[in-house]
Structure formats: C-alpha cells, structure tokens
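2 protein chains.
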Amino acid sequence: MRSKIIRLGHGGGGRLTGELIRQLFLPAWSNPALAALGDSARLDLEGQKIAFTTDSYVVSPPFFPGGDIGKLAVCGTANDLAVAGARPEFLSCGIILEEGFPVAQLERIVASMRAAATEAGVQIVTGDTKVVGKGKGDGVFINTSGLGRIVYDPLGAEHIRPGDQVLVSGLLGDHALAVLKARGEFALDYEIESDCAALNGLIASFLEPDSGVRFMRDPTRGGLAAALCEIATDQTWGIRLVEESIPIRKTVAGLCEVLGYDPLTLANEGKVVVIARADAAPAILERMKAHPLGREAALIGQVVGEHPGKVCLETTVGGTRILDIPLGEDLPRIC
Amino acid sequence: MRSKIIRLGHGGGGRLTGELIRQLFLPAWSNPALAALGDSARLDLEGQKIAFTTDSYVVSPPFFPGGDIGKLAVCGTANDLAVAGARPEFLSCGIILEEGFPVAQLERIVASMRAAATEAGVQIVTGDTKVVGKGKGDGVFINTSGLGRIVYDPLGAEHIRPGDQVLVSGLLGDHALAVLKARGEFALDYEIESDCAALNGLIASFLEPDSGVRFMRDPTRGGLAAALCEIATDQTWGIRLVEESIPIRKTVAGLCEVLGYDPLTLANEGKVVVIARADAAPAILERMKAHPLGREAALIGQVVGEHPGKVCLETTVGGTRILDIPLGEDLPRIC
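Protein chains in written order, with numbering that gives the first Met the number 0: chain P, 0 to 334; chain X, 0 to 334.
Extracted from the complex, chain P is given alone in its bound form (with noise of 0.2 Å):
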C-alpha cells in the first residue's frame, strides 16, 4: 500500500478503495468467492446457489431527505443480492450506537428498516447491538448482511461481449445530492430526495431465463463512473457512453455545475445498470419503464471492440472523454 495511514477515500468506493481491496484484503483472504469481487459472493451449499453480502452505513446525517440510515442499511444490502441474480431473503443487523444517542432517533430508524424489509420481502432474522463512548463514534453505524437463493445464474462480467448494450434504471445522482442537502454545508435551496429504494421487484421485472442479461450492478459510492470502469478494467472489450442519453435531473446537471461535481461519480442508491444481449436490450428497456422504479429507464451505451479496458463518454458538445475511476475522496459518508 502506498498510504501509510487510512484516508477517507480509502471508504469511497474508487481507487483507494480498490487498492485497499487488491493490496491487502485479497492477498491475505484469498478465495475464489471473495477475489471474484462481485456484489454478493456466490456459494454453494450442498448443491443450493446462495448469495451473500454485506455492507456499513455510516451515511452522515442519518437523516436526510427521502430516507434515512435505515431504510439504507435494508434497500442496500437487499440490491446488493439483487444484482447478484438473487432474491434477497434473510438480512442480519449489526448496530454500533454512540453513547447518548436519543432513543427516539433508534426506533425512528428501526421502524424504517421495518418498513423497508417488509416492502422489499426480506426479515431480519438476527441482530447485534454494540455501544460506544460519546466522541468513539457518530450518532449510529449500521452493518446489514444479506442472504438470498440465487436464481437466475450466469451473471458476471466475463458474460460480456461487444455489441451488449448498457441501460440505466433511471435518473442518476440524487441521492448524494439529497444527503449533501441534509448536511447544510451549502446555501443552496433545492428540492431532491435521495432515491433509496429495494431494487429487487424491479430486477425481477425483467429478469427471468433468457432475458439476455449479462451483468448488472448497483451505482452507489462512486456513482455509474466507478460501476462501469471497474468492471471494465483489464477486458478485452471497452464501453462507449452517450452522455445526452444519460438520465439526470435539471437539477442535478446544474448543482454538479455550481459545486463542481461530476454527476457520473456521484452516488445512488436505488438504480441499477444493466449490461444486455443488443437484441433483448428493447424488451428490457420497455420493462423497466413499466416499473415504478424505473420510468426513467434508458439505454445510454454500448459495450465496444475498441478501447479495450476504458470507458469514454461521447459528450454532448460532440468531444470524447475517458472516465477514470474516482479517487474517492469527493463525497465522504454519503452511504
């Protein structure tokens, strides 16, 4: 590692998070689940396909607009076995409070992950609740583990080939935006609320035997950027971007102007990216509108011969541009 200290990039999901994960955590753990890197592993157990995963919430605040840590901590892990051709079933909840954190704060919370799980159709069968010192920590962590049957199969970035096309669920960026909000570092007025919700009735939508799809995968930290030039990486194919063909909001397009942000970088947390066989990329799209989650559906790429390795966006003012994985270090805390 180059760093001889932690950065709070090295949590960012871009490159000091991948270094993080290639550098030490690999070579010391290494097994064919884990180096697969996926959003779940896929086990076998005794013949049944199972996937399993786990994500921390340390969103900071807890509370923003359109959701909170909770409702985070159950859609997250939920859309993590999702894109993993999972049904999510079974979710652990382990809970790091600060001292002094208001009861009322805790069952607000509980209750949303409650409501989450039920509108998602997973329980959360097992728990652990850790406390801390005032100052050892921040108000509440959350850890949710997931469990699901895989069932639909032969998902993975190695199913990729040129001519795949590449589709969005919808608009992208409001979630990063909706919790900077809540943090009121900006004298910005505007109105977003954070996306947060359980992908996996959308998934299920258009996911069945030969629906064509190769790879899916959640944007969040890093944004549709760190998704798409990770899986990227090191193949022997390239992505090719449209940007006028990239959903996002007004508003969202012009608040990324003001702060000078990339919106492809910035974080969601109720979309997913699907690459797709170009023959039955229409009747995905086509679904995907027909869902609640998803009316904003678009096709805003296509998987190249050229370019092997690289994602390059073809912008609006007719340039070429190369995205790079995010460092990491932009937006700190946003899940």
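Think of the hints as simulated: they come from the structure by calculation, not from any bench.
Hints may contain errors.
The list treats identical chains as one, so a pair stands whether inside a single copy or across any two.
What the hints assert, rightly or not - Mimicking EDC-like on lysine to aspartate or glutamate, the simulated pairs with C-alpha atoms at most 16 Å apart in a straight line are:
| id | residue 1 | residue 2 |
| --- | --- | --- |
| 1 | 133 | 97 |
| 2 | 133 | 243 |
| 3 | 249 | 192 |
| 4 | 3 | 98 |
All values reported here derive from a predicted model rather than from experimental measurement.
Following the hints, put chain X in place on chain P, whose structure we already have.
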C-alpha cells in the same frame, strides 16, 4: 424504553441490552427466526437448514494479550454458529475505519483474521470497508456475519429438563482481564491472555447424534451469569451452580477481589457452556478434557425443579446466592 438516551450498558450484553432487544427490536421486526433469540438464526432454505449470525466488534484497545479485534471477529462469529449446532463455513467482514488509522495495524488485523479463519476452517467470502473522519470513530470496528449448515439439530432451551447437567469447557474471565490489562488503567502487574479461540473443533469432538446435548452458548458479554440467567428466565425449571466447581484461575479470582468484579459476569471468548442429559454428561466432559481447548472443563451444576426461572449459586462458604443478569455497564467494549 425507560431510558431516553442510549447508555454504554445497552451494548453490554446484560439487562439493558435485553431491554433494547425486547422493547425495541423484537416488536418492530418480529419474525420466528429473530424471536428465538439464539446465538444464530436458524433458517430453512428449501429444506437446507442453515444458521446465520452477526456480531460487531468494538473492543478497545484493538490489540490485547492473546489476540486482537480481527481474531475476535472471526472466532466470535464462528462460535455463534458452532453453539447453534452448525458447521461454520462462510464469513462476511464489514470494517469501519477512522481516518488516520495506521495501515500497518490494519495489515496485522487482516493477517490475524486469516490465521483465525484457517484455524476455524471458514472462508471470508465478502466484505466492505467504510472510513469515517477523525474523531467520528475509534480506530477500527469490525462486523462479521457468519453462515453454516446446521449439522446437529434438536438444540435449544426448550429441550432442557430438570436433572440435566451444566458443563463449562474451561477457565472463566481470562478475556475480560486481558483486555483490561491492555487498557493499562490499573497499576496491577499480572499475566493473563485472552482465551479467544474458535470452538467448532472442540464442539465437534463431543457433538454427535444422540450425544445428549440439549443446549449450548458461549458466555461472552455478561459472562456465565448473563448466559444462564437469560435462558432460565420464564422457564419452569431453575439452575443450581456449585461455586467451588466453577473453574477460575487464581489470578482472575484475586484480581476480581481487588477490582470488585464478579468473575461470573466477565466475558469469555473461547468457552462454551453445555447443558446435557445427566447420563450423557460424563462422556461429554471426558471428550472436552481430551481436547486442547477443554482441558479445564468441569461439571458446574444442574437443572433443577426448584426456584423456576432462577439461577442459584451454592457458595464456597456454604450460602446460596441468586445470580442476576448483570446490568451491562461494568466493562464496556470488551468485544
């Protein structure tokens, strides 16, 4: 909830933790797997019986004689599976780091997790890392969730009957006092190492069809007292323990005298309490003693028809003391 704010004791594994679980989490998330309040949830995946568990580790300091937070995180979760009659197979690992944490210390922790995982025969198959700003965390917190097939089924407090024997696999209190030593708060000079160890090997040495084991638990936070009081509550039977038969190191007993701790409420991280049919207990004890982790195992009491719901201790001086669930505030952040 009586308390309006979270206190350290809400994470102590005693009475306050119990209140939090029964008054806040259970009513909100109610489902049979959670309501059983076992060390692991017992789940049915299309006929496959599996155990699923989670624990967050916030031990302070993260390095202590006999172990560190990484070893603890692997062993603790493996043990929660093992006492549920499951073979620990897969772990997840969610790490929350504080900005500025030394990478060299993270490397030690990750190596220690690898060693513990190898020892326990489990694989760390999925992970997540988050980083919080300086002063918003405390170095390192680790959540591990665990998964394994249940290989021994009819285990549970509902199978316990008067006449059953209570066994413990070794000396109590070492872990808590080793962590206390690492804190350096007391000017006492003593040598104690944490008992932190994966128990699945020991448990497999005596657990087999018809071995007569009714119930197992690892007496971590809250110690033997919390573990036994919790399962005795609301039962039609009680538990009688014989103080002089409970294995406690002289150093531990002496330190408890000086520091005012009750060794029966101190945390252990490599011990199992077993309740077994009377006729089967001698063979179980013999097998325990034959295993390196069970050399000091002992029969410490029995289940009785008297004082239902209570755990009584026949003291060395000839009296009787009713054990109570500790409040949970004595030794925060012990695991």
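- Message: Hint by hint, where does the structure go against what was stated? Just the numbers, ascending.
- Response: 2
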